[in-house]
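Read off the chains here:
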Amino acid sequence: MEHTLILSSILFAAGLMTVIVKRNAIMVLIGIELMLNAANLNLVFFNRNNPALSGHFFALFVIVVAVCEAAVGLAIVLRVYKYYQTSIPDQLTELKD
Amino acid sequence: MSLISLALYIFEALAGAAALGILLVRNVFHAALLLIVCLISLAGVFVIYNAEFIAVTQILVYAGGVLVLIVFGIMLSSRIAGKPLVVTNQYVLPASLAGILSAGILIKLFSEQPFAQQPGALPGNPMNQTGIALMRDYVLPFEIAGILLLIALIGAAVTASSFYSKKQ
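Residue numbers (the numbering used here), protein chains in the order written: chain A, 2 to 98; chain B, 5 to 172.
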């Protein structure tokens with residue numbers, strides 16, 4: 002049993018629990034980053050003896066997509082916070098004015 | 005135990021402790037600082053597993069970019085309300101059930117498979133091979149990733165700015 006795989010499982014579970022538990026949209030984004038990093042850790046770990054480096058490139062593109070997600074998500078969070086004065090995801094149930 | 009495996013254990017313990025701290029801490033700003041600790045420890049793990057380029061990208065992009073974005077988001081949204089961002093918890097029992105079940109299933113599935121290879125050095129220069137493969141085999145995903153970043157950053161700037169919302 003490899004300890005790195007245990008670490009990635011713990012990271013994924015901590016991210017999942019952060020997404021469900023916290024009543025704040027920024028904490029939900031932090032939890033999503035944790036889950037993406039757990040996937041990245043698995044990709045890098047399984048690529049450790051592969052000379053084609055395909056896992057590294059997959060991890061690289063995962064990082065790029067995570068950056069896009071964080072930028073757009075935080076912009077939406079700020080916008081919603083200015084409008085509704087709340088960032089609790091359960092209370093945002095309306096789209097129109 | 006060699007020095008490299010000792011460093012690997014230390015980085016992994018730091019990353020796991022920081023992730024559990026994000027789960028347990030109440031202040032959003034402290035959670036962002038713990039996320040920095042977790043990401044930099046993971047960069048150290050990536051260096052030990054011969055992924056230097058991923059480690060440098062992790063530090064530059066995550067610890068330098070995403071964390072600044074998150075800290076900006078925390079500071080801006082706490083300035084509007086005028087109170088510190090202390091979050092409360094909800095759905096604690098279902099979340100702990102989901103977390104413990106997913107971690108248990110993942111650890112059980114991983115422990116049934118034999119992964120008996122030690123981390124060894126890849127043949128050749130990994131950074132050199134990364135650059136060559138990125139410009140030769142993966143050039144189309146590379147360019148698409150650049151376009152995706154441009155679209156996402158323009159969209160985030162337009163969404164977050166108050167210029168277009170005041171005109172209506």
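Please keep in mind that the hints were generated in silico from the structure rather than gathered at the bench.
This one's a predicted model, so the numbers in the text were calculated from it and none came from an experiment.
Any given hint might turn out to be false.
One-sided excerpt, in silico: chain A residues whose CB lies under 7 Å from chain B [stated by the list, open to error]:
{"#": "1", "residue": "Met18"}
{"#": "2", "residue": "Val73"}
{"#": "3", "residue": "Leu79"}
{"#": "4", "residue": "Val81"}
{"#": "5", "residue": "Tyr82"}
{"#": "6", "residue": "Leu93"}
Here are some, though not all, of the chain B residues that point toward chain A, as calculated from beta-carbon distances under 7 Å [to be verified]:
{"#": "7", "residue": "Ile58"}
{"#": "8", "residue": "Ala67"}
{"#": "9", "residue": "Val70"}
{"#": "10", "residue": "Asn129"}
{"#": "11", "residue": "Ile158"}
{"#": "12", "residue": "Ala160"}
Cβ atoms here follow ideal geometry from the backbone N, Cα and C, with glycine treated the same way.
Cross-check of the supplied hints:
1. Hint status for A/Met18 relative to chain B: holds, with the closest Cβ pair at about 4 Å, below 7 Å.
2. Taking 7 Å as the C-beta cut-off, the interface hint given for A/Val73 holds, the closest approach to chain B being about 5 Å.
3. The interface hint given for A/Leu79 is met, as the beta carbon of that residue sits about 5 Å from the closest beta carbon of chain B, less than 7 Å.
4. Taken as an interface hint, A/Val81 does not check out: its beta carbon lies about 9 Å from the nearest beta carbon of chain B, beyond 7 Å.
5. With a least beta-carbon distance of about 5 Å to chain B, the hint placing A/Tyr82 at the interface is held under the 7 Å criterion.
6. Taken as an interface hint, A/Leu93 does not check out: its beta carbon lies about 14 Å from the nearest beta carbon of chain B, beyond 7 Å.
7. Because the smallest distance between the Cβ of B/Ile58 and any Cβ of chain A comes to about 5 Å, under 7 Å, the interface hint for this residue holds.
8. Hint status for B/Ala67 relative to chain A: violated, with the closest Cβ pair at about 11 Å, above 7 Å.
9. Satisfaction of the interface hint for B/Val70 is found here, the shortest Cβ-Cβ separation to chain A being roughly 5 Å, below the 7 Å cut-off.
10. Against a cut-off of 7 Å between C-beta atoms, the interface hint on B/Asn129 is violated, since the closest Cβ of chain A lies about 11 Å away.
11. With 7 Å as the threshold, the beta carbon of B/Ile158 stays out of range of chain A, its nearest partner Cβ sitting at about 10 Å, so the hint is violated.
12. Hint status for B/Ala160: holds, given a least beta-carbon distance of 4 Å to chain A, under 7 Å.
This entry does not satisfy hints 4, 6, 8, 10 and 11, going by the numbered hints stated previously.
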